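A.B. asks: Each chain, written out:
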Amino acid sequence: MTTVGTTNSQAPATTANTPKKNSGQAGKIFLTFLTYVLAFIFFFPVLWMLLTAFKTEAQAAAIPPVFTFSPILHNFSIALQTYGPALANSLIAALGSTLLAFLLGLPAAFALAVYPTKRAQGVLSWILSTKFMPAVGVIVPLYLLFSRVHLLDTLPGLIIMYTTMNLPLVIWMMHSYMTEIPFAIFEAAKVDGAPVWWEFLGMALPLSLPGVSATALLAIIFAWNESFFALNLTTSNATPLSIFVKSFQAGESQFWAQISAAAVLTVFPVMLFGWIAQRQLVRGLSFGAVK
Amino acid sequence: MTAQAIPASSPPTTRQGFRFTPSVMMWPALLYLILTTQAPFFLTIYYSFFQRNLQLPMASYPFVGLDNYIGLFKDPQNLSVIWNTLVLTGGVLIITLVLGGLLAMLLNRPFMGRALVRTILISSFLIMPVVTAVVWKNLLLNYDYGFFSWLIKALGGSPVAWLTVHPMATVITMVSWEWTPFAMLILLTGLQSLPDDQIEAARLDGANPWQEFRHIVLPHWTQALEVVILLETLNVLQVYGEIAISTAGGPGVASTNLPYYISQKLLVEGNIGVGSAAGVVAVILTNLLAVFMLRLINRNTQVGGH
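Protein chains in written order, with the working numbering: chain U, 105 to 395; chain V, 61 to 366.
Be careful, since some hints might not be right.
Unchecked claim - Some chain U residues well away from chain V (every beta-carbon gap over 10 Å; in silico):
1. L177
2. L255
3. D296
4. A318
As the list claims (entries may be wrong) - Output of the computed footprint for chain V on chain U, the stretches with three or more beta carbons under 8 Å from beta carbons of chain V:
5. 233 to 246
6. 264 to 277
7. 362 to 373
Unchecked claim - Listed next, with one range per pair, are the computed distances between beta-carbon atoms:
8. I380(U) - F123(V): 50 to 60 Å
9. R355(V) - S174(U): 25 to 35 Å
10. Q258(V) - A292(U): 32 to 42 Å
11. I380(U) - L327(V): 31 to 41 Å
Source of the hints: derived by calculation from the structure; they are not laboratory data. Bear in mind that the values here come from a model prediction, so they are computed numbers and not experimental data. Ideal Cβ positions, reconstructed from N, Cα and C, are used throughout, including at glycine.
Whenever a hint applies, use it, and build me the whole structure from the sequences.
C.D. replies: Shown next, in the form of structure tokens:
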């Protein structure tokens, strides 16, 4: 297992390090052991999926389960035959919607963070409140509209919906990063006669670049993992990876090893990203409320 | 309702010198959100008053007033769909808060391999719902060959066809598995901002662990808890992929929640009217529940705090 993203910088000195009696030491060891056990239980489904992907079908369905086996790559070679188009669709939908969300969201975040008017708080709350609108509250008219303008089962259709999903995230997170830029910098530039677009493109943007990458990573993960629009708005042409995985369990015959290989191919890129970005994850998941 | 304080960068005093006001820069984003959320929702409300079915070759769509809503609430099956939605959300919230809080406290101590354990623990959150459902349904929960069936048999029990016998409990388990890392991450960050000296002072005053938790940790957790409860409520109410793949809402409607119900109405039955009415109910439910949850947390953590 690769530990990407070291998290030790997160101020480990939280518990009181007053040396206590021996029983305290034993208790600490027990708690650490318990943590390991719980982590293993939580990780087990992922681990089992990973192991199954390298088994033969007979080994995958064996009772009792096979724990030691010689790994094979056959399942991956089968899954890879249909992986390409779905991967391309997922990549285009995720990257496209992230790009669009940034094009729309960055200027908004800049305006709200650097030039907050009296209404800024209200606008930010309103943007967050669009998250109170479940996808099912808009799916019927959008489905009808999409079918009329031929956006059903197309990548632009998916990109439009994923942008809606990620735009509030982009605005809130980038707002949270941009408010951290000292306002004096902009005032100094203003004295030098810098126009607003320069304050945005030349100053605010470069200074919040770490925020951009963290936010982009999250937006990509969310779009990649989305299933409601993927399952409801695509059928064959624009099907992303979620449908690719689903297609492997169609029919009565079960090919668990193949399903597992397909699943591993699907979740691995995102999991790697998430592990790398785990420190930024908290800020993004909480819309910047918890840093 | 969602009052997050805007960290104020010093407000600009002079804005007259600019050619265009920066607030223009937020209009494309706002317009986009209005067009893709607000406008369709008003259409959803509009459709919900009409009897309209895509599969019927009808030229006219008669206005039926509140009939779609009345029908929705009259049918006990539909009521159980709404109930399922509440049970799923409530169940997942309780489990993830307890487990996530426990894991957060366990991880809030220095020990060897802490970074690795944390990395491993967040994995289930990064897995897409469809894959979660596929892996649990096939590899773990299968009656004949699933890992859990073997485990239960090995421990002397008799295996259970989880997806048909306990469909809702199974869905709650899967969704909780996905969302526990979220609760853990946010709560852990909340814990790490708790100053040591507060705990020290409480211990010196002779506080027992429960009092320490109740009067120091819990009030300090308010913001983190708020974030977890609000965002989990919004997201778990929308759970779809897990149900669509693992149980298909069944048996009967035992594991059908509102999103799955609406997508069935729309895609399978083409019933625009009823689907829209259910969509409106889902939006109202989401907002009511989110506000209610926030009230609850604010009341419970502030009593006796500080």
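A.B. asks: Next step is simple, just say for each hint if it's right about the structure.
C.D. replies: Hints versus structure:
Annotated as non-interface, L177(U) keeps its C-beta farther than 10 Å from every C-beta of chain V; the closest such distance is 19 Å. At roughly 12 Å, the least C-beta separation between L255(U) and chain V is larger than 10 Å, which holds for a residue marked as non-interface. The non-interface label for D296(U) is consistent with chain V: the shortest C-beta to C-beta separation is roughly 12 Å, beyond 10 Å. With a least CB separation of 14 Å from chain V, A318(U) remains clear of the 10 Å interface cut-off, as annotated.
For the stretch 233 to 246 of chain U, the proposed coverage by chain V is satisfied: 14 residues have a C-beta within less than 8 Å of a C-beta in that chain, meeting the threshold of three. A stretch counts as covered by a chain when three or more of its residues have a beta carbon under 8 Å from one of that chain; for the stretch 264 to 277 of chain U and chain V the count is 7, and the coverage holds. With 5 residues having a Cβ less than 8 Å from any Cβ of chain V, the stretch 362 to 373 of chain U passes the three-residue criterion, so the hint holds. The hinted range of 50 to 60 Å is satisfied by I380(U) and F123(V), whose Cβ atoms lie roughly 55 Å apart.
Range check, R355(V) to S174(U): about 58 Å between beta-carbon atoms, so the 25 to 35 Å window is missed. Separation of Q258(V) from A292(U) is about 40 Å and conforms to the stated range, judged on CB atoms against 32 to 42 Å. Take I380(U) and L327(V): their Cβ atoms lie about 37 Å apart, and the range 31 to 41 Å holds.
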